[in-house]
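Which chain is which? The protein sequence lines are A and B, in order. Taken in order, the first sequence gives residues 1372 to 1586; the numbers are from the numbering used here. Taken in order, the second sequence gives residues 1372 to 1586; the numbers are from the numbering used here.
Calculated directly from the structure, the hints in this document are not laboratory data. A hint or two may mislead.
In the BS3-like style, the derived pairs of lysine-lysine whose C-alpha atoms are separated by at most 30 angstroms in a straight line are [to be verified]:
hint, chain 1, residue 1, chain 2, residue 2
1, A, K1458, A, K1552
2, A, K1419, A, K1396
3, A, K1575, A, K1396
4, A, K1419, A, K1552
5, A, K1458, B, K1490
6, B, K1409, B, K1552
7, B, K1552, B, K1490
8, B, K1490, B, K1396
9, B, K1409, B, K1575
10, A, K1458, B, K1396
11, B, K1458, A, K1490
12, B, K1419, B, K1552
13, A, K1396, B, K1552
14, B, K1409, B, K1419
15, A, K1458, B, K1458
16, B, K1575, B, K1458
17, B, K1396, A, K1419
18, A, K1490, B, K1575
19, A, K1490, A, K1409
20, A, K1552, A, K1409
21, A, K1490, A, K1419
22, A, K1396, A, K1490
23, A, K1458, A, K1490
24, B, K1490, A, K1552
Just so it is clear, the structure is predicted and the values come from calculations on it, not from any experiment.
There are 2 protein chains.
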Amino acid sequence: MSDALLHGYFRSSTSFRVRIALNLKGVAYDQTFRHLRKGEQRAPDYLKLNPQGLLPTLEIDGQTLTQSLSILEYLEETRPNPALLPKDAIGRARVRSLAYALALEIHPINNLRVLEDLKTRFGADDEAAAAWFRHWVAVTFGPLETRLANEPQTGAFCHGDAPTLADLCLVPQVINNIRFKVDMTPYPTISRINAACLELDAFKAALPANQPDAE
Amino acid sequence: MSDALLHGYFRSSTSFRVRIALNLKGVAYDQTFRHLRKGEQRAPDYLKLNPQGLLPTLEIDGQTLTQSLSILEYLEETRPNPALLPKDAIGRARVRSLAYALALEIHPINNLRVLEDLKTRFGADDEAAAAWFRHWVAVTFGPLETRLANEPQTGAFCHGDAPTLADLCLVPQVINNIRFKVDMTPYPTISRINAACLELDAFKAALPANQPDAE
């Protein structure tokens, strides 16, 4: 018996974030899939659920929720254990600032619809689109590595020794980087944290390769 | 006597969001300015405060906070009145989903450093960069107008009859649109809410044109 229905796609890193949160918090969920490359997220029945035509959408508690970061905050407010945000306001601000650096400064610029637009609008080929992707990763991963390496609040994970929203945004980005051949050598702290996350079943089960729609 | 120091720029819409929140919550603050077009956000002294070299940074309560959305959540947690999020989890999820549609799906793709990169990387001229800007506004403003026009929770503002995080993200985007000559005719609900916000002193005082560094 499931408590929720997630509309996602195996490679969608925003769906990946929500899968990790549901797994960590022990929410039983079913999945249905919208193949992004086939444009299934723009089908009329899906637009009724999610007018932006974006993934993911989570049906839970009789509600239909959109925008992955909003879904994560909702899950945290309604299912507080295990906590994905620290208790103190300063700690919460640090976690959110790390999460948003990833979720705002990389993913929106590098997602599929933007890369496709670069091709049609500016005639970018696959290699030019990949170079764009790697550029915006580097612009943010450099400062992020500095912060995570130098700030005392960093522990086994981005903030202390349990995963937070920041880790939920970090791992899908690192996994996404692999497809675009990002050199991770300059980011030893990020790589260490990513490896620590992937030791946990909640993260492993959420990996794109482990979804029923994986190709 | 000020309680906070905001490092911003008059035209920075992320700084604009924070100015509105500080004004609404009655936090006395000083401002210092980093001229984005002159690259002052990449000066070594600023990078110590904000390793990403992005605006804004808020110094408050003895802390240095980055990422505007994280700052807004911090202000809401530490200075809850007037509330910028509803009390119910579903309402909060709605407000955040509206805010994030604006803050994630438009602004990161359309900010100055991305537009400059389009010029150097793909040879885009000013008009091509403006067309890109308008495209990504339209992609999100269409569904946003639909949601705001049809969802019963919309009131005088995005959610009910008092401003929330969604309005704090909406107004700076609408003001930004003017410079790029976005036709607002298809968005009567967004325009109505924007006008209602700009009746409030907290929003008016935060307008780019009303900052000391306005050109």
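Each hint, compared with the structure:
1. K1458(A) - K1552(A): Violated. K1458(A) to K1552(A) sits at ~37 angstroms, over the 30 angstroms cutoff.
2. K1419(A) - K1396(A): Holds - the C-alpha atoms of K1396(A) and K1419(A) are around 28 angstroms apart, at most 30 angstroms.
3. K1575(A) - K1396(A): Since the Cα atoms of K1575(A) and K1396(A) sit roughly 14 angstroms apart, the hinted pair holds (cutoff 30 angstroms).
4. K1419(A) - K1552(A): violated, 36 angstroms
5. K1458(A) - K1490(B): With Cα atoms ~44 angstroms apart, K1458(A) and K1490(B) exceed 30 angstroms; violated.
6. K1409(B) - K1552(B): holds, 24 angstroms
7. K1552(B) - K1490(B): Cα-Cα ~19 angstroms, so holds.
8. K1490(B) - K1396(B): violated, 40 angstroms
9. K1409(B) - K1575(B): holds, 26 angstroms
10. K1458(A) - K1396(B): holds, 22 angstroms
11. K1458(B) - K1490(A): Given that 30 angstroms is the threshold and the Cα spacing comes to 44 angstroms, the pair is violated.
12. K1419(B) - K1552(B): violated, 36 angstroms
13. K1396(A) - K1552(B): violated, 46 angstroms
14. K1409(B) - K1419(B): Distance of about 18 angstroms is within 30 angstroms: holds.
15. K1458(A) - K1458(B): Satisfied, since the Cα-Cα distance of roughly 18 angstroms is no more than 30 angstroms.
16. K1575(B) - K1458(B): holds, 26 angstroms
17. K1396(B) - K1419(A): violated, 36 angstroms
18. K1490(A) - K1575(B): It is violated: about 40 angstroms lies between the C-alpha atoms, which goes past 30 angstroms.
19. K1490(A) - K1409(A): holds, 17 angstroms
20. K1552(A) - K1409(A): holds, 24 angstroms
21. K1490(A) - K1419(A): holds, 29 angstroms
22. K1396(A) - K1490(A): Not OK: K1396(A) and K1490(A) at ~40 angstroms, beyond 30 angstroms, violated.
23. K1458(A) - K1490(A): violated, 45 angstroms
24. K1490(B) - K1552(A): holds, 25 angstroms
Violated hints, listed in ascending order, are 1, 4, 5, 8, 11, 12, 13, 17, 18, 22 and 23; each of the other numbered hints is respected by the structure.
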